[in-house]
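These protein sequences, in sequence, are chains Y and R.
The numbering of the first sequence is this note's numbering, which starts it at 1 and goes up by one.
The numbering of the second sequence is this note's numbering, which starts it at 113 and goes up by one.
In case anyone wonders, no lab produced these hints; they're calculated from the structure.
Only a predicted model underlies this, so the values are computations on that prediction, with no experimental measurement involved.
Wrong hints could be hidden among the right ones.
As the list claims (entries may be wrong) - Examples of chain Y residues lying across from chain R (beta carbon under 7 Å, computed):
1) Gln41
2) Gly42
3) Phe45
4) Tyr48
5) Glu56
6) Phe65
7) Ala88
8) Gly96
9) Asp97
10) Tyr99
11) Gly106
In this text, a Cβ means the ideal position worked out from N, Cα and C, and glycines have one as well.
Here are the chains, one letter per residue:
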Amino acid sequence: DTGVSQNPRHKITKRGQNVTFRCDPISEHNRLYWYRQTLGQGPEFLTYFQNEAQLEKSRLLSDRFSAERPKGSFSTLEIQRTEQGDSAMYLCASRGDLYEQYFGPGTRLTVT
Amino acid sequence: GQSLEQPSEVTAVEGAIVQINCTYQTSGFYGLSWYQQHDGGAPTFLSYNGLDGLEETGRFSSFLSRSDSYGYLLLQELQMKDSASYFCAVRGPDNLFFGTGTRLTVIP
Numbered sequence: 001d002t003g004v005s006q007n008p009r010h011k012i013t014k015r016g017q018n019v020t021f022r023c024d025p026i027s028e029h030n031r032l033y034w035y036r037q038t039l040g041q042g043p044e045f046l047t048y049f050q051n052e053a054q055l056e057k058s059r060l061l062s063d064r065f066s067a068e069r070p071k072g073s074f075s076t077l078e079i080q081r082t083e084q085g086d087s088a089m090y091l092c093a094s095r096g097d098l099y100e101q102y103f104g105p106g107t108r109l110t111v112t
Numbered sequence: 113g114q115s116l117e118q119p120s121e122v123t124a125v126e127g128a129i130v131q132i133n134c135t136y137q138t139s140g141f142y143g144l145s146w147y148q149q150h151d152g153g154a155p156t157f158l159s160y161n162g163l164d165g166l167e168e169t170g171r172f173s174s175f176l177s178r179s180d181s182y183g184y185l186l187l188q189e190l191q192m193k194d195s196a197s198y199f200c201a202v203r204g205p206d207n208l209f210f211g212t213g214t215r216l217t218v219i220p
């Protein structure tokens with residue numbers, strides 16, 4: 001257990017529905033990252049927050065994806081109008097002042 | 113753009129030493145990280161090289177040559193529990209760019 005928690009751990013949804021995932025980072029970490037990982041691939045960077053400011057977004061993050069970190073603590077990732085191609089593991093990571101990122105257990109999304 | 117290359121699979125015997133290589137092409141290079149991921153688990157940090165040379169952490173060591181855009185992870189005294197996927201990742205100013213990973217299988 002790294003101290004980063006994610007909820008839910010699994011989500012099955014029908015195509016076209018909206019889903020929201022939550023990440024609670026290590027409390028003293030001001031940097032928070034979202035990644036997506038599909039089978040046999042490495043994590044792909046989606047977006048990055050420093051405190052409550054979203055400082056970087058990948059081109060992978062289409063308009064259907066939005067992320068927030070309203071008080072600089074927990075973060076949410078919402079996917080609107082889900083598509084089957086959105087099926088993946090969504091990973092959250094947090095970082096303090098050192099280089100190491102601590103990953104949460106992930107939310108596995110299945111779009112049927 | 114960014115790209116990393118690492119072998120897709122490696123098999124080694126328990127107690128042996130294995131080296132996983134990583135070559136990269138990127139702009140804005142800050143350093144090379146290594147992560148381990150067991151099936152169904154989250155990536156966990158193993159090592160980081162910001163400067164050329166060798167970093168040692170217990171049974172694991174990592175090496176970086178910035179001039180060659182090359183690094184490797186060395187695992188010594190392999191144990192069955194080391195069977196996992198290993199990812200090299202290039203550190204940019206605000207993110208990590210991961211390779212596709214090397215699946216290590218340790219056999220008795």
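Hints and how they fare:
Residue-level restraint check for Gln41 (chain Y) holds (minimum Cβ-Cβ distance to chain R is 6 Å; threshold 7 Å). Given the 7 Å rule on beta carbons, the hint for Gly42 (chain Y) holds: about 3 Å separates it from the nearest Cβ of chain R. Annotation: interface hint on Phe45 (chain Y) holds; nearest CB of chain R at approximately 5 Å, less than 7 Å. Interface restraint check for Tyr48 (chain Y): the shortest CB-CB distance to chain R comes to about 5 Å, inside 7 Å, so the restraint holds.
For Glu56 (chain Y), the shortest C-beta to C-beta distance to chain R is roughly 5 Å, which falls under 7 Å, so the interface hint holds. Interface restraint check: Phe65 (chain Y) against chain R, minimum CB-CB distance 16 Å, threshold 7 Å, status violated. Because the closest C-beta pair between Ala88 (chain Y) and chain R is about 14 Å apart, greater than 7 Å, the hint is violated. Of the supplied interface hints, the one on Gly96 (chain Y) is violated, with its beta-carbon coming no nearer than about 12 Å to a beta-carbon of chain R, more than 7 Å.
Contact between Asp97 (chain Y) and chain R, as hinted, is not supported at the beta carbon level, the nearest pair being about 13 Å apart and thus beyond 7 Å. A least Cβ separation of about 5 Å between Tyr99 (chain Y) and chain R falls short of the 7 Å threshold, and the interface hint therefore holds. The criterion of a C-beta within 7 Å of any C-beta in chain R is met by Gly106 (chain Y), whose closest approach is roughly 6 Å, and the hint holds.
The structure is inconsistent with the numbered hints 6, 7, 8 and 9, although it conforms to all the rest.
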